[in-house]
Amino acid sequence: MAARVVAQLIVMGSQIVGKAFVAAYKQAAANAARGGGAGAASAKGAAEAATRKGGMTLDEACQILNIKKEAELADIVKNYEHLYKVNDSSVKGSFYLQSKVLRAKERIELERGIKIAAEKPPKPEGEAAAKAAENTSRPEPPQQQ
170 MAARVVAQLI
180 VMGSQIVGKA
190 FVAAYKQAAA
200 NAARGGGAGA
210 ASAKGAAEAA
220 TRKGGMTLDE
230 ACQILNIKKE
240 AELADIVKNY
250 EHLYKVNDSS
260 VKGSFYLQSK
270 VLRAKERIEL
280 ERGIKIAAEK
290 PPKPEGEAAA
300 KAAENTSRPE
310 PPQQQ
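With the working numbering, letter number 129 in the sequence shown gets 298, and the count goes up by one each step, no holes.
Just so you know, the hints here were simulated from the structure itself, not pulled from any lab data. All figures in this text were calculated on a predicted structure; none of them were measured in a lab. Mixed in with the good hints, there may be bad ones.
Unchecked claim - Under the rule of at most 20 Å between Cα atoms (straight-line distance), these lysine-lysine pairs were calculated in the PhoX-like manner:
{"no.": "1", "residue 1": "Lys247", "residue 2": "Lys237"}
{"no.": "2", "residue 1": "Lys222", "residue 2": "Lys238"}
{"no.": "3", "residue 1": "Lys254", "residue 2": "Lys222"}
{"no.": "4", "residue 1": "Lys238", "residue 2": "Lys269"}
{"no.": "5", "residue 1": "Lys222", "residue 2": "Lys247"}
{"no.": "6", "residue 1": "Lys237", "residue 2": "Lys261"}
{"no.": "7", "residue 1": "Lys269", "residue 2": "Lys237"}
With these hints in hand, go ahead and build the complete structure from the sequences.
Given below as structure tokens:
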């Protein structure tokens with residue numbers, strides 16, 4: 170009796186696993202037919218990959234930053250900086266919204282292949298900067314023994 174139950178469980182389990190493999194194969198074949206296969210180098214495939222990596226579509230990113238797809242870089246930076254500052258937690262803003270703004274900017278950067286620098290590092294000024302530049306521009310004379 171126990172052997173019969175074990176045999177039925179094995180047969181039933183193999184049927185379930187077999188059906189799952191068939192369904193997975195059909196889905197993979199459908200994806201390959203649509204151009205979403207592993208070797209797809211189309212623009213649509215690249216956009217889908219960017220969406221998966223960024224976690225949002227380009228349209229969603231543009232809506233978050235309140236810009237159009239064809240917006241100039243200055244408009245993107247302006248809207249990003251404003252929304253980021255407004256949602257800062259120090260001014261009782263929303264950390265969640267601030268992170269969505271940041272992800273939207275990153276998604277647009279990913280799509281355009283550019284790096285948007287919100288804040289540039291300050292350039293050194295004064296005597297200390299001049300000495301540092303002077304020291305790096307000429308080698309030191311050799312030491313005599």
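So, going through the hints one by one against the coordinates:
Simply put, Lys247 and Lys237 have alpha-carbon atoms about 13 Å apart, close enough for the 20 Å limit, and the pair holds. Among the hinted pairs, Lys222 with Lys238 is consistent with the structure: their alpha-carbon atoms are about 19 Å apart, no more than 20 Å. For a cut-off of 20 Å, the pair hint linking Lys254 to Lys222 is broken: about 25 Å separates their Cα positions. Proposed proximity of Lys238 and Lys269 is supported: the alpha carbons are some 17 Å apart, at most 20 Å.
With a C-alpha separation of about 24 Å, the suggested pair Lys222 and Lys247 falls outside the 20 Å cut-off, and the hint is violated. For the hint pairing Lys237 with Lys261, the CA-to-CA distance comes to about 28 Å; that exceeds 20 Å, so the pair is violated. Pair hint Lys269 plus Lys237 holds up; C-alpha atoms about 17 Å apart against a cutoff of 20 Å.
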